[in-house]
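Visitor: Each chain, written out:
Protein chains: 2
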Amino acid sequence: MKLTTVREIYKNREQYMNQEVTVGGWVRSVRGSKAFGFIVLHDGTYFETLQIVYHDTMENFAEISKLNVGAAIIVKGTLVPTPEAKQPFEIQAEEVQVEGASAPDYPLQKKRHTLEYLRTMTHLRPRTNTFQAVFRVRSLCAYAIHKFFQERGFVYVHTPLITGSDCEGAGEMFQVTTLDMKNPPLNEDGTVDYSKDFFGKETNLTVSGQLNGETYAQAFRNIYTFGPTFRAENSNTTRHAAEFWMIEPECAFADLNDNMDLAEAMLKYVIRYVLENAPEEMNFFNSFIDKGLLDRLNHVVNSEFGHVTYTEAIELLEKNNDKFDYKVFWGCDLQTEHERYLTEQIFKKPVFVTDYPKEIKAFYMKLNDDGKTVAAMDCLVPGIGEIIGGSQREDDYEKLKSRMDELGLKAEDYQFYMDLRKYGSTRHSGYGLGFERCVMYLTGMGNIRDVIPFPRTVNNCDL
Amino acid sequence: MKLTTVREIYKNREQYMNQEVTVGGWVRSVRGSKAFGFIVLHDGTYFETLQIVYHDTMENFAEISKLNVGAAIIVKGTLVPTPEAKQPFEIQAEEVQVEGASAPDYPLQKKRHTLEYLRTMTHLRPRTNTFQAVFRVRSLCAYAIHKFFQERGFVYVHTPLITGSDCEGAGEMFQVTTLDMKNPPLNEDGTVDYSKDFFGKETNLTVSGQLNGETYAQAFRNIYTFGPTFRAENSNTTRHAAEFWMIEPECAFADLNDNMDLAEAMLKYVIRYVLENAPEEMNFFNSFIDKGLLDRLNHVVNSEFGHVTYTEAIELLEKNNDKFDYKVFWGCDLQTEHERYLTEQIFKKPVFVTDYPKEIKAFYMKLNDDGKTVAAMDCLVPGIGEIIGGSQREDDYEKLKSRMDELGLKAEDYQFYMDLRKYGSTRHSGYGLGFERCVMYLTGMGNIRDVIPFPRTVNNCDL
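Taken in sequence, the protein lines are chains E and P.
Here numbering that gives the first Met the number 0 is used: the first sequence runs in plain steps of one and ends on residue 462.
Here numbering that gives the first Met the number 0 is used: the second sequence runs in plain steps of one and ends on residue 462.
I should point out that these hints are in silico values taken from the structure, not numbers from a laboratory.
Hints are supplied without guarantee of correctness; some may be wrong.
[Claimed, not checked] Have a look at the derived ranges for each label pair, beta carbon to beta carbon:
no., chain 1, residue 1, chain 2, residue 2, range
1, P, P184, E, S234, 19 to 25 Å
2, P, K75, E, E336, 54 to 60 Å
3, P, I345, E, K409, 54 to 60 Å
4, E, D260, P, A61, 32 to 38 Å
5, E, G189, P, D321, 53 to 59 Å
[As the list claims (entries may be wrong)] In silico BS3-like cross-links for lysine-lysine, where the CA-CA straight-line distance does not exceed 25 Å:
no., chain 1, residue 1, chain 2, residue 2
6, P, K195, E, K181
7, P, K109, E, K421
8, P, K10, E, K146
9, E, K146, P, K267
10, E, K267, E, K181
11, E, K10, P, K146
12, P, K398, P, K371
13, E, K146, P, K181
14, E, K195, P, K181
15, P, K326, P, K290
16, E, K421, P, K371
17, P, K146, E, K267
18, E, K109, P, K421
19, E, K181, P, K200
20, P, K65, E, K421
Note that CB positions come from ideal geometry on N, CA and C, so glycine has one too.
Isolated chain E, as found in the complex (with noise of 0.2 Å):
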């Protein structure tokens, strides 16, 4: 159908002004008297509404006097300028034509709702104004991200889903099969036959594409993954989500400080293309969800990241134990309590502390020459703590090795792996952005719930 959008209209109002126009779209209210009436439509394109004025001269009149909120409508008319109201524009109607009414027990009305009240209906909260701001964010987000990558020559990754290995040994997997679950066939000695399942073995789903987007960086050079992640842990929280979408970006020829001088240029492109493509939805959020979100975002963009070591980060927060439920020690991993209190309180901008001990972080971590601390690199911001983890990885074979030994993880299970260090190995490095920590931060938005369109959590998985 031939529709003008309300945004549209509002970017080239010049242009359409006293002019003809058609638009289609939801009613948000109407406000009837006898020989005309007000319509506030939403059409799905832009923040904004738009008013329509109808008159009794029409045969409908009384039809479109009782429509309910939700309402389906499609309205031909003369674009006017208002300039004694407080919107700039409105429709005056000729034709207001019913698409599809809208049920009297329609539950969205015009009054507030909780956002725990709206969880209950995924289907249809995208309709109010906080989660069409939520939503168009995270689709120009996303955006965003593709955009960044693909300018500097990134190739964009598919990593598996489904995958026959858990990539770091860490992690609680859901699993995935098409044997019967009542009555699996056993082997011989009673476990189960995963030779009669779909793929022929146990396969679960990914909780990162590292490793297999390691494969690509090492024929690429540059190359990103962008695509969902699973975790089956059993944890309640506003920020822990059992499915969700993960970036990462793996590149040859690159060193921790490569890495960490991609993240902040990724993040500052991020917030810069929100900002100037959705700022009536981010003005939103600073009035309505997060006062100082706009504040904090343009000194984000306008500042230099911090630096610290973790070593470093352990002496300036020991001196701070006192604020903590957990008291911090060398060893110990950071809790976000400690992220927000350097990245809120000490530096006041995102932060990126590296080089953790070899302990708390992954095997595939590159060893620093202390022995001790591996080149790893968390990226904290204020308001949420750590939004991005990454490292260098280990590119010698040997050293790789033997702290698989160390760990007693598999060969066998790492052979493509351990072949990128055999064959034209090269020191390189990445990292992961979880997303919907970057919507929560970018929204101000607290419950993951809240910026995932259908989240899976524990004991939830409508729709």
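With the hints as your guide, set chain P onto chain E.
Guide: Then chain P, alone, in the frame of chain E:
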């Protein structure tokens, strides 16, 4: 590391000519003589290679001459023109630093390997010409799709992977569970007690994001999904994978014609983007994989797609029934042989087939006035057959309900979907594009296993 890419050198050769540059990459071949030698270097950023000349004045001259294919090196030298050689320029090296040697058993040697052989090493095959070309085009193709939809204001929606419902009542699905396969908790009646599973119910991997996508189209008007999709079908063909990526746009206030216009514009946009941004790769496919590829794609970009109803198509095909393994008749589902005959022999270009019998299409497709056919469309392209399948959706509550009743679908499983017809229903349409089929179409590659980085098929889940 500050390295100049081979792409940068080719694209801006004047700027670098007779200048010192540092490049890094992997050795494709070394030819050494007593006093000097040549290295063919590939750095993963560009399809073409770069020639390096090195001399016995270097300390590590012997080491360099012995480098195996696949070794990683960093070269400092001067870019000089070579007017009498095949290649346009070369680097006169001052320094060749070995970043990582390549063991003697490196499986990729200079000779040509079969695609079947390369499938046995998915972690190394992206280093070959064919897979460099395939996976760069795949990346560009993905980006072109995002760019197309984002430029038109579509909202990118991440529909869920793990789902509690079976979208179309069709398709064999993978089960997702954290229960102990050997010892699942049971109900009193002996069935598996899924209330103890991670999500508190039985869950599967999605076969389509469409129904979820529709909920967002009714809020944002125009949306698209781009994510992984799964089929547990035991089919071992060159066109089927258990895990693949799919694009599913969905538009409110859009009928079947709008839907076809969108699909045609998208395909043309993507072809144009790839031809413009990967000319070297596309020439390679045209020369070595599929001789008529460029002619065919250029023809598609410059022609209007054909349109034919299913009923007309059956009439055309019936005249040629002697050519088919499966004879056609009104009511039959079209096989690939029929689809290809239509697009390759009859129309000689992409063609939309519309208005299929309702019996062979999904429950949610809009019933036409004849009561027998639905407003479906499949887009068929030469060399592939069906590449896109879509429809206008049934937007009438009662008609949808009665079709679901006919098919025995339970209303309670689709309450959210019925709600869309109850609260501001709009005429709306969408389609699904199998991303791998699109890449096959663009590259001329004949096996889906060769256009997915890590393919998942029956009995195959490597890496």
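Visitor: If any of the earlier hints don't hold here, list their numbers in rising order.
Guide: 2, 10, 13, 15 and 16
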